[in-house]
Amino acid sequence: MELILVNLIDGLVTGLLLFMLSAGLTLIFSMMGVLNFAHASFYMLGAYFAYSISLAIGFWMGLLIAPLIVGLAGAGVERYGLRRVHQYGHVPELIFTFGLALLIEEVVQFIWGKNQMPYSVPEVLNFTAFSIAGNSIPAYKIFMIFISISIFIGLLYILTKTRVGMIIQAALSYPRTVEALGHNVPLIFMGVFGVGTALAGVAGVIAGPVLGTFPGMAFVLGSIVFVTIVIGGLGSLWGALVASLLIGWITTFAKSYNIAMSDILNGIGIATPENMSDNPFRDLWTITSPQIADILPYILMVLILIFRPAGLFGKRES
Amino acid sequence: MTDEMTKDPKQQITTDPSKPSERMRAGSMTITLGPWIIAGIALMLMPFIFTSNSALTIMNQMWITVIFALAYNMLLGQGGMLSFGHAVYMGLGGFFCMHIMNYVEDYGVAFPLPLLPLFGGLFGMGFAMLIGSFSTSGAGTRFAMISLGVGELIAACSVIIVAFFGGEEGISGDRTYGLPFFGVEFLKQIEVYYLISFWLMLSAALMYLFSRTPVGRMANAVRDNPERAQFLGYSARWVRFYSFCASGFFCGIAGGLFAISYEILTEENLNAASSGVILLVTFLGGVGFFFGPIIGAIAFTLLQTVLSLQTELWSIYAGALFLATVMFFPGGLAGLLMMHVPAFKLGKMSGLVVPYFKTLIPAAIGVLGICALIEMTFHFRHGATGDNEMTLFWTTFDSHSVLPWIIAIAVAAIGIGIAKMTAPEMKEAWDEANTAGGTS
Amino acid sequence: MSAPALELKGLKKSFGKAEIIRGIDLSIGKAERHAIIGPNGAGKSTLFNLITARFPPTAGTVKLHGEDLAGLEPYQINRKGLSRSFQITNIFPKMSVFENVRCALLWAQGYKYSFWNLVSRSRQLNEGADAILEQINLLERRDLAAGLLSYAEQRALEIGITIAGGADVIMLDEPTAGMSHSETDYITDLILKVTAGKTLIMVEHDMGVVFGLADRISVLVYGEIIATNTPELVRADPKVQEAYLGAALEAEH
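Protein chains in written order, with my numbering: chain X, 1 to 318; chain U, 1 to 440; chain S, 1 to 253.
I should point out that these hints are in silico values taken from the structure, not numbers from a laboratory.
In this text, a Cβ means the ideal position worked out from N, Cα and C, and glycines have one as well.
One or more hints might be untrue.
Calculated pairs, DSS-like style, for lysine-lysine (alpha carbon to alpha carbon, straight line, at most 27 Å) [to be verified]:
1. S:Lys12 <-> S:Lys80
2. S:Lys17 <-> S:Lys30
3. S:Lys94 <-> U:Lys345
4. S:Lys198 <-> S:Lys94
5. U:Lys427 <-> S:Lys94
6. S:Lys12 <-> S:Lys112
Derived list of chain S stretches under chain U, where covered just means 3 residues or more per stretch with a C-beta under 8 Å from a C-beta of chain U [what the hints assert, rightly or not]:
7. 8-20
8. 90-97
9. 132-138
Label pairs and their calculated CB-CB ranges [what the hints assert, rightly or not]:
10. S:Pro93 <-> U:Ala324: 51 to 57 Å
11. U:Val306 <-> X:Ile158: 25 to 31 Å
12. X:Ile4 <-> U:Val306: 56 to 62 Å
13. X:Asn115 <-> U:Ile409: 57 to 63 Å
14. S:Pro93 <-> X:Ala180: 38 to 44 Å
15. S:Pro56 <-> X:Tyr257: 58 to 64 Å
16. S:Arg22 <-> X:Gln169: 28 to 34 Å
17. U:Gly34 <-> S:Gly208: 49 to 55 Å
18. X:Ile4 <-> S:Pro56: 55 to 61 Å
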């Protein structure tokens with residue numbers, strides 16, 4: 001029982017972290033129709049910037065400034081890169097963001113090198129908040145949950161209650177009309193891209209100390225973030241939230257409970273074969289849930305795409 | 001974007017190249033055997049020109065990449081489908097061939113090695129049929145995402161399913177246990193070279209011919225306008241499915257050749273990085289023309305081998321080049337080449353030579369200056385402490401002193417500056433070269 | 001009596017709560033030239049899209065030569081001999097004009113998903129495509145990318161693609177939309193020429209074209225057909241006068 005609670009908290013942390021990335025990604029997608037392959041790269045930039053800033057003026061200033069820089073960089077990418085490629089169509093746009101992801105990873109290695117950065121949890125938060133049956137829950141995890149939830153509430157508030165949010169929502173569906181009403185739609189696009197990447201930056205700042213700040217961090221998380229928004233339904237903010245939490249919990253639970261495939265197969269009445277070493281299916285028999293925890297999201301995504309192509313919360317594909 | 005075609009000469013209407021509207025025709029290629037024969041002869045002669053073993057290895061790698069890139073472009077260029085997990089089809093074909101190779105070795109089966117890639121192709125196609133059955137219902141984001149998901153899935157499986165993929169260390173074999181093929185046992189690199197060249201010619205010709213078949217033509221139609229294709233009696237989904245399977249087949253052949261050439265396959269042959277590289281190669285070469293991926297594969301392999309010897313930063317340059325291609329030359333290298341066809345037909349290429357020299361050479365020098373700055377920065381930041389010496393462009397200097405920096409900055413600024421100054425002149429010459437009639 | 005070329009019974013379509021097509025019964029005989037007219041927003045294009053299965057109908061049936069088309073995909077309907085054009089030009093812009101037409105011929109000539117025939121080797125295919133290009137007067141533009149044609153030429157190509165497959169029921173959605181007078185005359189002649197002996201169903205705004213071409217006219221107003229008759233009788237019908245024609249005729253003069 002206690003273990004379940006611990007896993008729930010761990011999964012929540014992972015899920016909310018994913019959500020901070022997928023929220024921005026899905027917003028950008030629904031507005032511009034382009035999946036930003038480099039989204040996780042901005043998350044990585046957030047971590048690296050925050051690390052460099054934290055060396056000079058401390059973690060908290062990093063948390064404040066790094067996302068701003070990342071957001072500005074994102075806006076710049078939209079203004080000078082994506083907008084140019086837009087005229088060639090969607091496929092070149094996807095390819096552009098893909099190339100950008102490659103380049104950012106190279107640039108990060110160029111500046112900071114290939115090794116992991118000693119970016120760590122600030123002293124103030126480096127204590128155990130409480131323990132559940134001997135499992136200590138660090139205060140930093142609580143802090144991460146707190147930050148992510150506040151960002152989600154803030155985002156929801158801006159999108160549904162403010163004038164800017166209204167304009168953004170209108171521009172999502174009727175960009176021409178909104179432009180005709182005198183709003184600067186390109187500016188809105190740039191802003192949304194900037195804010196989306198800044199959100200990814202925040203995620204990077206707070207995840208860097210726990211998940212590690214290294215050149216591969218974008219790659220590790222990047223494809224999972226795509227999977228998340230595809231499962232949730234492209235363009236759906238709620239879908240992104242649900243899918244993020246779902247993936248967070250599935251992977252956490254799969255890792256902490258060691259369920260072996262042989263148990264399942266025995267359970268449904270298939271006997272373990274005698275000569276395991278010669279059996280062509282021996283790998284199937286020896287699979288355990290921690291082994292496949294990381295590919296579960298992909299399996300889930302492929303299944304979703306086959307049986308519910310629009311995703312959990314998506315409308316039909318345009 | 002030009003689509004080549006052949007015509008019965010009797011039906012050909014005369015083309016007046018002076019009309020801008022008829023230039024498309026000038027840019028189109030007819031099926032002629034010429035380029036194929038030249039390519040075949042070149043393939044035969046290459047080992048006599050580049051005799052070293054390392055050159056053979058590079059060429060083998062190049063030709064395998066050519067097949068893979070051409071197969072990839074059957075989807076991206078011809079069918080408008082963007083795959084982020086295409087290494088899987090090549091990799092699986094390779095793994096399958098490796099198992100056949102080991103089976104032949106273990107059981108002493110009489111099996112001629114040159115046929116092996118065919119089995120890789122069939123396996124690749126089989127897997128493509130499986131995945132294509134659900135992934136080809138859409139072309140855009142949905143297709144891209146499924147390809148990414150499947151790619152990640154297979155790459156991850158390769159560590160789990162040890163029986164087939166061999167886990168972390170992959171699986172390896174020995175190609176020489178097959179039935180000697182007319183006395184050839186493929187012990188020597190040069191024998192493998194000719195085997196690969198043979199499959200290259202065969203696959204390229206088949207892929208080219210595929211694009212001339214009804215389903216190949218409809219692949220273009222579905223790429224341009226799936227809805228209209230539906231109203232012409234074709235199911236867009238089935239057209240995509242056929243392209244997808246054909247692409248899987250040729251990827252599998254490339255995989256089989258990889259297995260023969262390297263005698264080892266690992267997770268690296270399946271993962272997203274390999275899938276990314278092939279996208280890069282194909283786009284760099286140009287997706288709009290059949291021969292684009294060929295140029296891309298050759299250029300990229302050369303870039304990779306030559307640059308990676310010179311600098312450890314080569315991938316940053318490759319990334320920047322790729323991004324610049326997407327932003328400024330979406331037609332890739334092939335597109336750049338074919339842009340010149342109208343001027344060539346008008347016989348005005350000569351007018352472009354001098355302006356090109358005046359702009360592109362300073363620009364190249366400027367870019368080299370920037371590269372020098374990048375290298376120096378890298379050395380300055382990451383070089384071992386106390387080791388301030390670095391060698392760049394055959395010059396050894398101290399990266400912590402000011403003078404080299406000033407020189408590099410000056411070279412970069414002057415180069416780019418001159419290029420910017422002469423660019424309008426080049427533009428003018430370009431317009432002139434593309435206008436019919438005498439100089440006005 | 002053989003079945004009519006196209007027969008609609010109780011055809012309805014709603015988008016959410018808005019009922020766009022409110023029960024249409026229409027029967028169009030073989031080799032008839034039928035025009036559908038009506039004010040903007042009457043549902044003419046929606047009707048076309050329902051017949052060709054671009055949208056599924058909410059209720060009712062569509063029969064082609066007596067055969068129910070329910071549940072068929074657009075490409076299956078096309079194979080049964082119904083071909084359509086689009087209001088917004090719908091061609092293959094990156095392919096050559098010739099290639100556009102040739103692709104439209106492939107299915108009709110039985111090539112299906114063949115990957116063992118070469119298109120350039122088939123005399124029938126290439127001559128067929130050239131014959132159509134000649135009919136639509138685009139032979140000179142043969143090797144130009146379709147996207148580079150002028151607007152009127154693209155419309156002509158659209159018609160060429162539509163008729164190429166040899167379908168016996170041709171549906172044209174506003175073939176002369178956005179054209180100048182001379183272009184309109186050109187396209188009208190073209191339609192007359194290429195649809196000879198075929199069933200033609202067209203949506204059109206230009207009354208000159210409608211009265212010049214059609215054997216019968218249906219007037220669609222707010223999702224319902226208020227009259228179907230010969231041009232003369234439709235012109236005289238007071239209901240039509242009131243609903244639509246008066247205003248349109250006035251506007252024309």
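Evaluated hints:
A distance of roughly 23 Å separates the Cα atoms of Lys12 of chain S and Lys80 of chain S; the hinted pair therefore holds under the 27 Å criterion. With a C-alpha separation of about 36 Å, the suggested pairing of Lys17 of chain S with Lys30 of chain S is violated against the 27 Å cut-off. Distance check on the hinted pair: Lys94 of chain S and Lys345 of chain U sit about 22 Å apart at the alpha-carbon level, within 27 Å; holds. For a cut-off of 27 Å, the pair hint linking Lys198 of chain S to Lys94 of chain S is broken: about 30 Å separates their Cα positions.
This hinted pair checks out: Lys427 of chain U and Lys94 of chain S have alpha carbons roughly 26 Å apart, not beyond 27 Å. The suggested pairing of Lys12 of chain S with Lys112 of chain S is violated, with an alpha-carbon distance near 33 Å, which exceeds 27 Å. Under the rule that three or more residues need a Cβ within less than 8 Å of chain U, the assignment of the segment 8-20 of chain S is violated, with 0 such residues. Coverage of a stretch by a chain is defined here by at least three residues with a beta carbon nearer than 8 Å to that chain's beta carbons; for the segment 90-97 of chain S and chain U the count is 7, and the condition holds.
Against chain U, the segment 132-138 of chain S contributes 0 residues with a C-beta closer than 8 Å to a partner C-beta. That does not satisfy the three-residue criterion, and the hint is violated. The hinted window of 51 to 57 Å between Pro93 of chain S and Ala324 of chain U is violated, with their beta carbons roughly 26 Å apart. Remark: the range hint 25 to 31 Å for Val306 of chain U to Ile158 of chain X is contradicted by a beta-carbon distance near 51 Å. Between Ile4 of chain X and Val306 of chain U the CB atoms are about 57 Å apart, so this pair conforms to the stated range of 56 to 62 Å.
The given range of 57 to 63 Å is broken by Asn115 of chain X and Ile409 of chain U, whose C-beta atoms sit roughly 30 Å from each other. Between Pro93 of chain S and Ala180 of chain X, the C-beta spacing of about 27 Å breaks the proposed range 38 to 44 Å. Range check, Pro56 of chain S to Tyr257 of chain X: Cβ separation about 46 Å, and the 58 to 64 Å hint is violated. Here the CB-CB span from Arg22 of chain S to Gln169 of chain X is close to 32 Å, well matched to the stated 28 to 34 Å.
At about 54 Å, the CB distance of Gly34 of chain U to Gly208 of chain S agrees with the hint of 49 to 55 Å. Checked against the hint of 55 to 61 Å, the pair Ile4 of chain X and Pro56 of chain S fails, with Cβ atoms roughly 47 Å apart.
Hint check: violations occur at hints 2, 4, 6, 7, 9, 10, 11, 13, 14, 15 and 18; the rest are consistent with the structure.
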